[in-house]
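J.: Residues 220 to 426 (the working numbering) are what the sequence shown spells out, left to right.
Since the hints were derived computationally from the structure, they do not count as laboratory data. This one's a predicted model, so the numbers in the text were calculated from it and none came from an experiment. Treat the hints with care, since some could be wrong.
The calculated lysine to aspartate or glutamate pairs, modelled on EDC-like cross-linking and capped at a C-alpha distance of 20 Å, are [claimed, not checked]: (1) Lys294 <-> Asp261; (2) Lys294 <-> Glu241; (3) Lys323 <-> Glu286; (4) Lys294 <-> Glu226; (5) Lys323 <-> Asp304; (6) Lys323 <-> Asp419; (7) Lys323 <-> Glu380; (8) Lys230 <-> Asp261; (9) Lys323 <-> Glu300; (10) Lys294 <-> Asp318; (11) Lys323 <-> Asp410; (12) Lys323 <-> Asp403; (13) Lys323 <-> Glu250.
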Amino acid sequence: QNVDVAEVRAKYGGGYVGANLEPQGRALGEEAVRQFGLAAGDTAIVFIPLGQPGRDLREGATAQALEDAGLTVVKLNALPEYASDPNLALAPLTTAILDNPGVKLIVYPGGQMLGAVPVYMDAVGMAPGEIFNIGFDTSPAIMEAFSSGYVQLTSDQQPFEQGYLPILSLCGTLVFGFGPLSVDTGAGFVDTGNYQNVADLATAGYR
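Using the sequences and the hints, build the whole thing.
T.: This is the structure:
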């Protein structure tokens, strides 16, 4: 679930439960340009899981959408260990911000890092809203970052469905011989105008 690995599907078969990664990533980049009035010549920093085939599709598509809009995109490698300890990304992110004064946008590759945005911005002396911070997922930390003004946009993937539906699919196959489910869980965007509608569900672990 969540990352569709072609080699695994070819070997074992099966469906896919998760967001359609490349369109999801491109849509996030296009929505950021639209919402924030970004223009050619603006600079964005995008964390991409470089060297992780399949996993890099989403953020790579976001970067491409921004480049297609004329932005200068600084690409940082999103190492796997950043997911377990987002503070490890602080040094490369700080360096990138200092090397690119006036950066308008930062794109994060997952909920752990997006939830740590207040820590990142505080470390570089940026007030809420000085840099647009966007990414993927919802979580209690991300909802708090919305509330405090540090995060402005995220792509909702409905993680409860990503956890529940693969189990339902396996049970259906084992018990009834059903074919595997293929479900796009990408629900759209959570932003400063609607985050309160999902905040309670995100805090409870359903969104």
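J.: Evaluate each hint against the coordinates.
T.: Against the structure, the hints come out as follows:
1. Between Lys294 and Asp261 the CA atoms are separated by roughly 14 Å; this keeps the pair inside 20 Å, and the hint holds.
2. Restraint check for Lys294 and Glu241: the C-alpha separation of about 17 Å stays at or below 20 Å, so the hint holds.
3. Of the supplied pair hints, the one linking Lys323 and Glu286 holds, its CA atoms being roughly 14 Å apart against a limit of 20 Å.
4. Between Lys294 and Glu226 the alpha-carbon distance is near 26 Å, which puts this suggested pair outside the 20 Å criterion.
5. At most 20 Å may separate the alpha-carbon atoms for a hinted pair to count; Lys323 and Asp304 exceed this at roughly 25 Å.
6. For the suggested pair Lys323 and Asp419, the alpha carbons sit about 30 Å apart, so the restraint of at most 20 Å is broken.
7. Annotation: proposed proximity of Lys323 to Glu380 is violated, straight-line Cα distance about 33 Å (limit 20 Å).
8. The suggested pairing of Lys230 with Asp261 is violated, with an alpha-carbon distance near 44 Å, which exceeds 20 Å.
9. Under the criterion of a C-alpha separation no larger than 20 Å, the hint pairing Lys323 with Glu300 is inconsistent with the structure, at around 26 Å.
10. Distance restraint check for Lys294 and Asp318: the Cα-Cα separation of roughly 13 Å lies within the 20 Å cut-off, and the hinted pair is therefore satisfied.
11. Distance check on the hinted pair: Lys323 and Asp410 sit about 17 Å apart at the alpha-carbon level, within 20 Å; holds.
12. With a C-alpha separation of about 30 Å, the suggested pair Lys323 and Asp403 falls outside the 20 Å cut-off, and the hint is violated.
13. About 14 Å separates the Cα atoms of Lys323 and Glu250, which keeps this hinted pair within 20 Å; it holds.
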